[in-house]
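Student: Could you slot chain B onto chain A? The hints should help.
Chains as they are written, first to last, in our numbering: chain A, 1 to 266; chain B, 1001 to 1302.
Rather than coming from a laboratory, the hints here were simulated on the basis of the structure.
Small disclaimer: the values here were computed from a predicted structure and weren't measured.
Among the hints, a few may not be true.
Said to hold, decoys possible - Mimicking DSS-like on lysine-lysine, the simulated pairs with C-alpha atoms at most 27 Å apart in a straight line are:
id : chain 1 : residue 1 : chain 2 : residue 2
1  : B       : Lys-1129  : A       : Lys-17
2  : B       : Lys-1056  : B       : Lys-1078
3  : A       : Lys-262   : B       : Lys-1129
4  : B       : Lys-1022  : A       : Lys-95
5  : B       : Lys-1078  : A       : Lys-263
6  : A       : Lys-95    : B       : Lys-1132
7  : B       : Lys-1181  : A       : Lys-104
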Amino acid sequence: MRSLYISLLSEFYKSRKTLAFWASILLPLIICGLISSGFYGGSEKIINQHYPSMLLWLHYIGAALGVMGVLILPFYVIFMAFSVNNIEHKNDTWKTLFAQPLHKFSIYAAKYLFALMLIFVCLLLFGTLTFAFGHLLQFLIPKYNFNQFDPSLLLAKFYLKLFLSSLGILSIQFILSLIWGDFLKPMGIGFIGTIMGIITGNVGWKYAYLIPYSHPSLVLNSSKAVKKLTNLSDFPIFTQEIYTSLVYAAVLFILGYFIVIKKSIK
Amino acid sequence: MSNFAIETVGLNFNFGRQAIVKDLSLQVPKGSIYGFLGPNGAGKTTTIKILLNLLKSPADRVFIFGKEINSNRIAILKRIGSLVEQPAIYGHLSGKENLINRCLLLGIKKSKADEMLALVGLTDAADKKSSKYSLGMKQRLGIGLALVSDPKLLLLDEPTNGLDPNGIIEIRNLMIELTTKHNKTILVSSHLLAEIERTATHVGIINKGQLLFQGTIQELQLLNKPLLEIEVNNVAGASILIQEKGYEIVTKTDSKISVPFVSKTESGTINTFLIQNGFTVTSLSQQRKDLENLFLDITKTN
Chain A
1 MRSLYISLLS EFYKSRKTLA FWASILLPLI ICGLISSGFY GGSEKIINQH YPSMLLWLHY
61 IGAALGVMGV LILPFYVIFM AFSVNNIEHK NDTWKTLFAQ PLHKFSIYAA KYLFALMLIF
121 VCLLLFGTLT FAFGHLLQFL IPKYNFNQFD PSLLLAKFYL KLFLSSLGIL SIQFILSLIW
181 GDFLKPMGIG FIGTIMGIIT GNVGWKYAYL IPYSHPSLVL NSSKAVKKLT NLSDFPIFTQ
241 EIYTSLVYAA VLFILGYFIV IKKSIK
Chain B
1001 MSNFAIETVG LNFNFGRQAI VKDLSLQVPK GSIYGFLGPN GAGKTTTIKI LLNLLKSPAD
1061 RVFIFGKEIN SNRIAILKRI GSLVEQPAIY GHLSGKENLI NRCLLLGIKK SKADEMLALV
1121 GLTDAADKKS SKYSLGMKQR LGIGLALVSD PKLLLLDEPT NGLDPNGIIE IRNLMIELTT
1181 KHNKTILVSS HLLAEIERTA THVGIINKGQ LLFQGTIQEL QLLNKPLLEI EVNNVAGASI
1241 LIQEKGYEIV TKTDSKISVP FVSKTESGTI NTFLIQNGFT VTSLSQQRKD LENLFLDITK
1301 TN
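In isolation and in its complexed conformation, chain A is listed as follows (with noise of 0.2 Å):
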């Protein structure tokens, strides 16, 4: 367990520094201001659809998720596996790593943790700023009426079930950039199998559910189906795609951890 605890530790003393730790703090930075700017900018145009204010609160997380869900999020999924496992490929530092006293087991566990709690805190970071921002939204044009709806269980359910959807991806990512140290053959699989997971989770295939690369589309595409609940965030969580996203993920997982132990350091 100490072991695992100080792999954790340097492998946020290494990562503090490269882009891809600093990704997952700008990019729902970003994301977010821009969406709240569009709608600031755009006000009155919004305003004047008398929205209610669920639905206005639909119509800008809407914004978000849609962007995020459907590209951002698996790329960014296929980035993380690639980075932490580049910084070691490119330093050449795998042979330093598994010569120091310490389990290759938490060494590899560590390195995927890392990835997992960045990618958690992306989407952590998408929820909260998405509610602060739509707050400031409406301190800055009181002529909204966000302040009539409280979407926080709603954004917490959808983030965190967009976040367990992308498990499957890390997953299968994390093993190619494992075995892989270059960026386009982990880079090439991802982008072909995210097109895959987007047009089969789009057209409704009965087996898209089985392809990991298509479980955000297929749990952005059931978030359209919750407009028609009385209670919006009645919806559930773990559905089929979920189910089979931490299938994926747990099988995976286990099978990098053999590849580590037979990986020659040539």
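Tutor: For chain B alone, coordinates are given in the frame of chain A:
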């Protein structure tokens, strides 16, 4: 309790079908500076990686401080500091940050980082990004990283690569100090004998995965038998006469004949009978191959 810091017993290692290490039986005594010598591609780095358990060895073949490596990996790695090939350094971090990161991993005080920087002479460049370091500075940082845990055994793979003569001398002195004052054992690999013959107490010579010589530096020198070099006017005729008198000719050129040196009296005898038979001897000298040539000879025959 074993007297060896490192002991391998008939170790074999293959990459696929290619045998890299063959029947290797290293014995590195505690407290020694063991020069692990061999030309490029001889299997030195592979052996060092096996000693660090980076490459998996068969069971009961590799022992560090008497313990089998596969079943005591963590306990053994706690006592080893290593520098394998090019130093592995995070380029986006400064030298000091690289050391602090290692302190974190080893669970030791961060203040040790400054101590190491001073030891390897990088205090002034402590906060410089290590990707901007020169090759020599990277090598020093690599040595600092290897030493930070105060290990009992140091495995250094060509540590003087890229260092200038001053740097080489500093590393040499550091190695001597570490073994004499701090009772450490060092295995240092190199492809140049001259580089370590002044520091090593023991030598192992490896070529094509096989250990060709292992022993103290004095034993290596004993292998190196002196020759009597005779410069004479008629080499062909003189050779026949020398052989008739029962001497073995080691080498022969246009003007010189070499025979094993036995003693001064014997040299005089050879000189006398050559002159008595009408040859003109212009020079008679005792020659000893330098260790570098001896090393080349040992590795050439394999």
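Student: All hints are to be evaluated individually against the structure, with a verdict given for each.
Tutor: Going through the hints against the structure:
1. Simply put, Lys-1129 of chain B and Lys-17 of chain A have alpha-carbon atoms about 12 Å apart, close enough for the 27 Å limit, and the pair holds.
2. Straight-line distance between C-alpha atoms of Lys-1056 of chain B and Lys-1078 of chain B comes to about 18 Å, which keeps the hinted pair within the 27 Å bound.
3. For the suggested pair Lys-262 of chain A and Lys-1129 of chain B, the alpha carbons sit about 33 Å apart, so the restraint of at most 27 Å is broken.
4. For the proposed pair Lys-1022 of chain B and Lys-95 of chain A, the alpha carbon gap of about 23 Å is at most 27 Å, so the pair holds.
5. Taking the CA atoms of Lys-1078 of chain B and Lys-263 of chain A, the gap is about 21 Å. The hint holds against a cut of 27 Å.
6. A distance of roughly 22 Å separates the Cα atoms of Lys-95 of chain A and Lys-1132 of chain B; the hinted pair therefore holds under the 27 Å criterion.
7. Using a Cα cut-off of 27 Å, the hinted pair Lys-1181 of chain B and Lys-104 of chain A is violated, with the two alpha carbons roughly 34 Å apart.
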